[in-house]
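Participant: Read off the chains here:
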Amino acid sequence: MVPTKGIPYPAGDPALGPDEEKAWRRLLVQTALKAVSTAVHVPTVFKPGEN
Amino acid sequence: MKIVHYVNQFFAGVGGEEKATVGPEVRQAPTGPGRKLASLLGDEHQIVATVFCGDDYAASNDSAAGEILELIRSTGAEMLVAGPAFTSGRYGIACGRVAAAAHKAGLLSLAAMHAENPGVAEAAPAPVVATGLTAREMAATLEKVALAVRKLASGESLTRDDGLVGTGARHNRLAGSNAASRAVDLALARLAGDRSATEIPMPDFGAVTPAGPISDPSQALVALLTEGGLVPMGNPGRLESARATKWLRYPLDELPALEEGTHISVHGGFSTVIANADPNRILPLDVARELRDEGAIGTIYAEYFTTTGNGTSVADGARYGVEWAAELRKQGVQAAILTST
Amino acid sequence: MAYEQANDGLKRLIHKVQSVQFGDNPGLNNGDLVASESQLQSLLSSPALAWTRLTWARPGESVRIVKILDSLEPRTKGPGGGGIFPGFLGPALPQGRGETHVLKGVAVVVAGKLPRAQEGMVQMSGPAAEMSFLGSTNNLVIEFEPAEGAGWPQVDEALRLGAMKVAVALADLALEAEPDEVQQISPLNPGAGSSLPRVGVVVNLQTQGAFKDVFVYGRTMATSMPTSIDPNELDDGAVVSGQYGHPGLKNPTFVHQNNPVVAALRERDGQDLIFGGVILSPEPVDQTLKELTSAHAARMARQMGLDAAVVTKEGGGNADSDIALKIDAMEAMGLVGIGIFAEMSGPDGTGPPVVGPPSAATAMISTGNYDERITLDAVEVALGGKVVDLNGLEASAEMVLPVAAIYGSLSPIGLGRLTCAEEVPA
Numbered sequence: 001m002v003p004t005k006g007i008p009y010p011a012g013d014p015a016l017g018p019d020e021e022k023a024w025r026r027l028l029v030q031t032a033l034k035a036v037s038t039a040v041h042v043p044t045v046f047k048p049g050e051n
Numbered sequence: 001m002k003i004v005h006y007v008n009q010f011f012a013g014v015g016g017e018e019k020a021t022v023g024p025e026v027r028q029a030p031t032g033p034g035r036k037l038a039s040l041l042g043d044e045h046q047i048v049a050t051v052f053c054g055d056d057y058a059a060s061n062d063s064a065a066g067e068i069l070e071l072i073r074s075t076g077a078e079m080l081v082a083g084p085a086f087t088s089g090r091y092g093i094a095c096g097r098v099a100a101a102a103h104k105a106g107l108l109s110l111a112a113m114h115a116e117n118p119g120v121a122e123a124a125p126a127p128v129v130a131t132g133l134t135a136r137e138m139a140a141t142l143e144k145v146a147l148a149v150r151k152l153a154s155g156e157s158l159t160r161d162d163g164l165v166g167t168g169a170r171h172n173r174l175a176g177s178n179a180a181s182r183a184v185d186l187a188l189a190r191l192a193g194d195r196s197a198t199e200i201p202m203p204d205f206g207a208v209t210p211a212g213p214i215s216d217p218s219q220a221l222v223a224l225l226t227e228g229g230l231v232p233m234g235n236p237g238r239l240e241s242a243r244a245t246k247w248l249r250y251p252l253d254e255l256p257a258l259e260e261g262t263h264i265s266v267h268g269g270f271s272t273v274i275a276n277a278d279p280n281r282i283l284p285l286d287v288a289r290e291l292r293d294e295g296a297i298g299t300i301y302a303e304y305f306t307t308t309g310n311g312t313s314v315a316d317g318a319r320y321g322v323e324w325a326a327e328l329r330k331q332g333v334q335a336a337i338l339t340s341t
Numbered sequence: 001m002a003y004e005q006a007n008d009g010l011k012r013l014i015h016k017v018q019s020v021q022f023g024d025n026p027g028l029n030n031g032d033l034v035a036s037e038s039q040l041q042s043l044l045s046s047p048a049l050a051w052t053r054l055t056w057a058r059p060g061e062s063v064r065i066v067k068i069l070d071s072l073e074p075r076t077k078g079p080g081g082g083g084i085f086p087g088f089l090g091p092a093l094p095q096g097r098g099e100t101h102v103l104k105g106v107a108v109v110v111a112g113k114l115p116r117a118q119e120g121m122v123q124m125s126g127p128a129a130e131m132s133f134l135g136s137t138n139n140l141v142i143e144f145e146p147a148e149g150a151g152w153p154q155v156d157e158a159l160r161l162g163a164m165k166v167a168v169a170l171a172d173l174a175l176e177a178e179p180d181e182v183q184q185i186s187p188l189n190p191g192a193g194s195s196l197p198r199v200g201v202v203v204n205l206q207t208q209g210a211f212k213d214v215f216v217y218g219r220t221m222a223t224s225m226p227t228s229i230d231p232n233e234l235d236d237g238a239v240v241s242g243q244y245g246h247p248g249l250k251n252p253t254f255v256h257q258n259n260p261v262v263a264a265l266r267e268r269d270g271q272d273l274i275f276g277g278v279i280l281s282p283e284p285v286d287q288t289l290k291e292l293t294s295a296h297a298a299r300m301a302r303q304m305g306l307d308a309a310v311v312t313k314e315g316g317g318n319a320d321s322d323i324a325l326k327i328d329a330m331e332a333m334g335l336v337g338i339g340i341f342a343e344m345s346g347p348d349g350t351g352p353p354v355v356g357p358p359s360a361a362t363a364m365i366s367t368g369n370y371d372e373r374i375t376l377d378a379v380e381v382a383l384g385g386k387v388v389d390l391n392g393l394e395a396s397a398e399m400v401l402p403v404a405a406i407y408g409s410l411s412p413i414g415l416g417r418l419t420c421a422e423e424v425p426a
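Protein chains in written order, with the numbering used here: chain A, 1 to 51; chain B, 1 to 341; chain C, 1 to 426.
Because the hints were derived from the structure by calculation, they are not lab data. You may find that some hints are simply not true.
To be verified - Restraint ranges, calculated between C-beta atoms of paired labels, are given here: (1) B:PRO236 / C:GLY27: 52 to 60 Å; (2) B:GLY261 / C:MET225: 47 to 55 Å; (3) B:GLY261 / C:GLY149: 17 to 25 Å; (4) B:GLY212 / C:GLU398: 46 to 54 Å; (5) C:SER19 / B:MET233: 47 to 55 Å; (6) A:GLY49 / B:GLY23: 17 to 25 Å; (7) B:GLY23 / A:PRO14: 47 to 55 Å.
Ideal Cβ positions, reconstructed from N, Cα and C, are used throughout, including at glycine.
Generate the whole structure from the sequences, applying the supplied hints.
Facilitator: Shown next as structure tokens:
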């Protein structure tokens, strides 16, 4: 699981400018790719940008 | 009593994952674990037939339970035993649905699977007896199933002592006082030291064994999924804004990104203004394409799956999850990114 | 402060209304309420509304009201309201003192289409009537058509203010009438030194943007931190609902005026508990803010000296997490937190009852299973719309619906008697 900013925009953050928001979204997807490449055995949180 | 036994394609000896799409068939004899069960039941009860079906077919076709029920009826049996499915999700769901359908059709029915299998919730009102985690515990499990069969056949109901799992159905009724007064009573009871008093038992959501990691995202087929109610403009599939009764699939093809005006969220649980101004906020297609172009993702699956997660029961949510997993597996998808609103 | 010293509590003058009708000689006599239709109509006049229509729907009549938005209890403190609904009709100053006339047995009900509103209905007769608090009140139903070119927020605003004015105008008819009952309610003053447990209530308000918002003293609660108010302020309309989602799980203005947990705590204050206070809290959509408001509400509860608090909610599974976070935060501080939940266990009642349950605070009250089906008999008259959006059926037709579609049926603020229990095998 990758935690995001809020219910109405799981892959965005309207508080950011357009470029920053897209960078944030990209980071979320990159973190998701890291998560599916990692072996887990229990519910595991992958914070965006952290290992 | 004449018994029909339901198993999946693997326990029927038809094949493994590559045969998961085969439709239902009947054999006029006990098969696989049914042979051992038959010997445990002795002369008193006979397994007259085995009905089997591929896991994908059984778990991802709405009509599958009905087709399987027809075959069950054709055998003339008075009782159905489904499983044991252990912790296999699709097999458990199939056993649960088949047991529920047979029960409603008037047959005595029993399913067997691990207590945390999502199929437990599908079986009600048919009873489920708990099993171990894997087929390594087949022998002990079948003895338990045989005892449960004898008890049910004699007209008795199963209890927790027989391994019965799952909660009984909960039904609405009127209490003697309003919820506010009862809440104050409960506060005083808990303050006085009663830590167990509650009107709602803590739910058991079961557990799912996580899939193994993919070795290399840059070679993988990756799907984008959402429960954020994202649909093409005009909502052609009429996805509901709350308590969705279905999930839908829509093409992404080679769309570079989602645009305002081509896709909208019909989710009724939050203000969709922000999402609709840029639907990539619900389904991150734009950056997924970028990462694909840069080689970080192999291929993006050509469709996205969507439903509305708003007031959805856990039973429906679990069913959509199993159906999505079965469908994605069939399409060769190795990883999925599911956004949750 | 002199202002505070002047607060010797609230006197509620209760007028029990037995019959309602329109007529040319408005007034309240021996429980018979007569109102001037044209005078009430004039209060609803707004550039945002093309027309409005007023109809009485009485208990026992073969009537269904569909697409219900807000509902209010007629109350007034003097001609024109006298400060009731502070921040809307009166100045945004603390109320909950002086005298308030209350029309019991009457509600003003707004019904029609607004964006994001989810279909909620009430049946005035038959078994379904008892599922809603509006099934047993005489309801003045306001139907409307937006003016051409009017923005939805303006339509919403016009309806909210208009409904309040109509509610006040009805209550004003009782200003000269002898009340059936007088209730003196002291301002909250939780006694020190009592050995009784101090119990309070945390009222979560669903604040999820336009048409899903709740107002406190006329302002949206969406951006607020939890705050404490005197329960008597609720009686005078300090909390007004603009929240049109989740018909079975919403807390209309009527319910805030008659907060049932406050009523239960008042009734037992000094007997087996001390009523320790009221905290209002938003239900934010952002997870970080959910955690912040929950921690803050729990801290307030402790600073108010509470031993226990009942936490109520508004909305579906998302709102469950607002309760769960709060009662868990309270338990972590050594307080008892009790949550009022509705169950979502599927039409046959076999799924897990709560999607996001608490982890430590495991004492929960159930207001019933949201998904259980209920049959509504066909009716002669439908108000609020011609078609039920949920199923596309004619609004007066017989239909089978989830209980969740009945307005206020699963009141997560604790108003109703509905609950849910496991069927015991025979």
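Participant: Does each hint fit the structure? Answer for all of them.
Facilitator: Verification of the hints:
Checked against the hint of 52 to 60 Å, the pair PRO236 of chain B and GLY27 of chain C passes, with Cβ atoms roughly 57 Å apart. Checked against the hint of 47 to 55 Å, the pair GLY261 of chain B and MET225 of chain C fails, with Cβ atoms roughly 37 Å apart. For the hinted restraint 17 to 25 Å between GLY261 of chain B and GLY149 of chain C, the CB-CB distance of approximately 22 Å keeps it satisfied. Take GLY212 of chain B and GLU398 of chain C: their Cβ atoms lie about 53 Å apart, and the range 46 to 54 Å holds.
For the hinted restraint 47 to 55 Å between SER19 of chain C and MET233 of chain B, the CB-CB distance of approximately 51 Å keeps it satisfied. Our hint of 17 to 25 Å for GLY49 of chain A and GLY23 of chain B is violated, since their Cβ atoms are close to 47 Å apart. Hint check: GLY23 of chain B to PRO14 of chain A, Cβ distance near 48 Å, so the stated range 47 to 55 Å holds.
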